[in-house]
Each structure stands twice: as structure tokens, then as C-alpha cells.
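With chain G held as given, fit chain C onto it using these hints.
The residues making up each chain are set out below.
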Amino acid sequence: MSRQQAHRLAVVVLTVVAAIVVIPIILVILYVVWKGLPALSWAFLTEAPRNGMKEGGIMPALLGTILLTFGTAIVSFPLSIATAIYLAEYAGDNRLTRWIRMAIVNLAGIPSIVYGLFGLGMFVLFLGFGTSILAGSLTLGIMTMPVVISTAEEAILAVPQQFRTVSLSLGATRWQTIRYQVLPHALPGIITGIILGLGRAAGETAPILFTVAAFYLPELPRSIFDQTMALPYHLYVISTQVPGMPLEIQYGTALVLLLIVLSFTLVATLVRTQMRRRREW
Amino acid sequence: MAMSDPVISVRNLYFTYADETEALHNINLDVLPNQVFVLFGPSRAGKSTLLRLFNRLSDLTDGTQRQGTVAIDGRDVFEAGVDVSALRRRVSMVFAIPTPLPGSIYDNLVYGPRLAGVRDKVELERRVERSLRQAALWDEVKDRLDASAFALSGGQKQRLCIARSLALEPEVILLDNPTSGLDPISTATVEESLFELKDRYTIVMVPHSVQQAARVADQAAFLLDGELVEVGDAERMFVHPQDKRTEDYITGRFG
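Going line by line, the protein sequences match chains G and C.
Under our numbering, the first residue of the first sequence carries the number 1, and numbering increases by one thereafter.
Under our numbering, the first residue of the second sequence carries the number 1, and numbering increases by one thereafter.
If we strip away everything but chain G, and leave its shape as in the complex, we get (with noise of 0.2 Å):
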């Protein structure tokens, strides 16, 4: 075989390989937006349940999400970019720096499940917060940490050296340096991370299971001390839990739930490439 053949032959196999990934991605969603835009109307989005979950829309469950996702921001995102300051610029190469850092990326790892199990011993529980807002948010927020903190420390490390060592030859302070030359360069990264995060906290389900989510709750929820629907969980139950559930609603659902996660990844990606432009070096 020439070198040539050999080429074409690598082509066509990587494509292949590619488009076995690709092509079922694209038609699971397909397939959901085929079988749930029917569902979808203004009324579908504003309206709760009704008759035991089998007509109406989905309302509740919708903000309980973006409520929950909010909440997330606010537990993981100052936390998250704190630490991950601390691990790139301060916290230097030592036992304990390499002991924290192992176990971020094994939290990583860990299944949703056992965070939703420590957030109801932790937060439902012995902090006494309750099945609530708070305690989801708080499970959540935990979740989504090893994530934001990896991706935001990989930002702060990309930040040329240079550029940190001609600011403290300015005169500028350690802090100062961090504060005017290296987080408005990591930016993009830092906000990457943290909008894939988010992504995945407005997804999951077994995190909320046991900590906020409500079965059926139409009222909306008055504080961060209460329960509150959400969309992950909703689909769960109207899947597995009701009988007789209409499929149009069951994928109406699916499909809401897939484009808040998809416009997450969407603006992720917008906002790295406009960033990226806007850099010049």
C-alpha cells in the first residue's frame, strides 16, 4: 500500500469513526425535537400541571430550574474562582497542594448520586435546611465545583508567565498582578467552565432527588426554605411514575430541558470564541 492509499484509507476510517459518534448525538435530538415541539406553546411554558400532571404545562417545574441554577452560580462561582486563584497563584507545589488537587479531580468523578446522598445528610438534614431551594442549590453547587475549579485554573495557567513577571517588575503587588493582568486573560476560561456547569447542574437529577425536588407542586415556592418542582425531575416522574401520561408532554418536557442545557453549551461556546477574537496575543 502506498502512502497515498494509506492517507485516503486513514481518512475514510476517522470519518467513519466520527460519524458512528456524531450521527446517533444528532438523532436523539432530532427525535426529541420531533416528537416534543407539538408540545410546545406559550401555554405549555406558563401554565402548571393539571389533572394529575396529565394536561397543563410545566411552569413550576421550569422556574424551579432556573431558580436552582441561580442558586448554583451563587454557592459554586465565588467559591470555585476562589480556589482555583489559590491553587494556580499562591498554594505552589507541595504535599498538600498535590493532596488537594487529587481530590478535586476524584470529586470530579464522583456519581451525582452520592453528592445528592451528602447534600441530604449535610445540608437536608444535620444543618437542618430541609428538602429546600437552599439545600438543592448548596448539593448543586458542590456538584458543579471540581469542574469550574479545573477549568478556571487551567485558564489562570494559560496566562503567559511573562506577563506576570513584567507587572511585578512594575511594582505591582501579587494580588495586583492577578487582579490587572492574569483574570481578565483567564476570563473567557473561568466563564467557559463555570456556563458548563451550570449546564450540567440544570440537567441532573439524582443531585436534587432527595434535597429539593417536589413530586407536584404547583404553588411556586416563597423563599429558598422551600420545596420547588424541577425540570430533570419532573420528566423523571411523568416518565416512570404516572400512568397514562400523554408522550406529547413527556417529550414537550424533554425538549425544554434539552435546550436550557443546550443554550447553556451554546453560550459557553460563544462567548470563549468572541473572547478568544478580542485577544491579542
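It is possible that some hints are incorrect.
Stated by the list, open to error - Listed next, with one range per pair, are the computed distances between beta-carbon atoms:
| no. | chain 1 | residue 1 | chain 2 | residue 2 | range |
| --- | --- | --- | --- | --- | --- |
| 1 | G | Leu117 | C | Leu60 | 37 to 47 Å |
| 2 | C | Ala18 | G | Arg277 | 36 to 46 Å |
| 3 | G | Leu117 | C | Arg44 | 53 to 63 Å |
| 4 | C | Lys142 | G | Thr269 | 52 to 62 Å |
| 5 | C | Asp146 | G | Ile66 | 36 to 46 Å |
| 6 | G | Ala91 | C | Gly154 | 28 to 38 Å |
For the record, the hints were derived by calculation from the structure and aren't laboratory data.
The beta-carbon is built from N, C-alpha and C at its ideal position, and this holds for glycine as well.
Just chain C, lined up with the frame of chain G:
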């Protein structure tokens, strides 16, 4: 303070990196004001290491060990309670590779002064123009101070970096092989600006070559493997070196 008092005074200085390599061994030298002091020698002689000790950029490297003193205007920079930020504004460094910070030409020049607490816009603009003129860059960039610093040519970038140091209104300027990446014409421009600058500043420079050392130096120090072989008047040293090793290096027998 009398004119002849040294600005920088190094006594019994030893410096070792984390991997136990001794970079500097018992260095003693004085840098006089308003002169160009050149540290020359082959690679790994300890020139850059010594330069970075003058404003404690050496702090950025972990695991190093140091003995001896580096005094600026009579005060040891490693003394407890020294304001390192203020020290680095007084003793300012220009690096081998021109490194603008992301942002405009103007942003680069006002970065240091702003951190030093200069808020007044008129004062900032005065410093921008003055430092650009001193670095012989004003005429080329005066109409585009808002342009990205990365849009400048290599030689312009390095003069911007020199101007950025000057905008701090330092006493001493440290130049670590500032013409390493520059073409001969840009090199000549940078060298010419040094002659203007030494009226106002004390300059310590690691040169690109022996030839450059001979062109710009008032005082010179020859370093070899972390030891100071010879120090003194540049004109004398480059014509009648006292040490055989200096002579061998200058005449190109090694290095």
C-alpha cells in the same frame, strides 16, 4: 549624598538555585550614579541572576538561597520591612524579550504609575510623553497611543518596554540583554537612547556581545561561572584587561 557614593553596592554575595547550582560566588562590586555599568561574560556566568537580585525579581524563583548584601543607596534590599513594590519602581527592569502587556501603548505606560498611586490625568500624560521621548519612540507612536502595543515592531516594542520602565521615574534601569531579538538598526536606536538616559539614570546592562559592551559601557564587570573575574573602568578593561581570562574572552578565545 556625594556624587561618588555608589547607587548599588554588592558585598560578599552568594546565590544558589533550588537544584544546588551555585549561580553567584562571593560577588563584590559598586555601581556609580549616572553611568552605564555592563555585566558581561559567557552564558551561565550569573549575569541575569545578579541583575534580578538588584530589584528582588529573584524572589519569584522558589527554593533559592542567598548570602551577603545588595544595597541600593546604602540600604540592603533584603532587609526586613523593605517595600518590594517601591524598590522595583526605583530599580526597574527591561527584559530580553520585549513583553508588552495586553492593551494599548498608553495602557502599558500608565500601568506602573497608576499602581504607584498617580491618578492625575495630566501627570499621567506628562509621564507618557516624557518617557516615550526619552526612549526615542514618541515621534513614531504619538498619533496612535490607543493602538495595541502588540501592533508595534520588535524594536518599537523594546523601546516601549524601556519607556514603560522610565514612566516609573526610577533611579536605576536594569537592562537584561535588551537588544537580543533586534535587528542592527533597532539595536543602534536602543543603544543611542542609552547615552541620553545616563544623564538622568544609572544603568546596569547585560549586553548582547562584547562589542556592544565596549560600545556602551562606562564601567564593566566580567563574570565567569558565577565569579567576578574583573571589575573596573570599561575603557581600560577592554584595552588592557588585567586578568588572563578576561583577555581570552574579549579577544574571542572562548565563550
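Here's how the hints hold up against the structure:
1. Leu117/G - Leu60/C: 37 to 47 Å: holds (45 Å)
2. Ala18/C - Arg277/G: 36 to 46 Å: Given a distance of about 40 Å, which is inside 36 to 46 Å, the answer is holds.
3. Leu117/G - Arg44/C: 53 to 63 Å: For Arg44/C against Leu117/G, whose Cβ atoms are near 58 Å apart, the range 53 to 63 Å holds.
4. Lys142/C - Thr269/G: 52 to 62 Å: violated (41 Å)
5. Asp146/C - Ile66/G: 36 to 46 Å: holds (41 Å)
6. Ala91/G - Gly154/C: 28 to 38 Å: Distance hint for Ala91/G, Gly154/C holds at roughly 36 Å.
Violated hint for the displayed structure: number 4, the only one.
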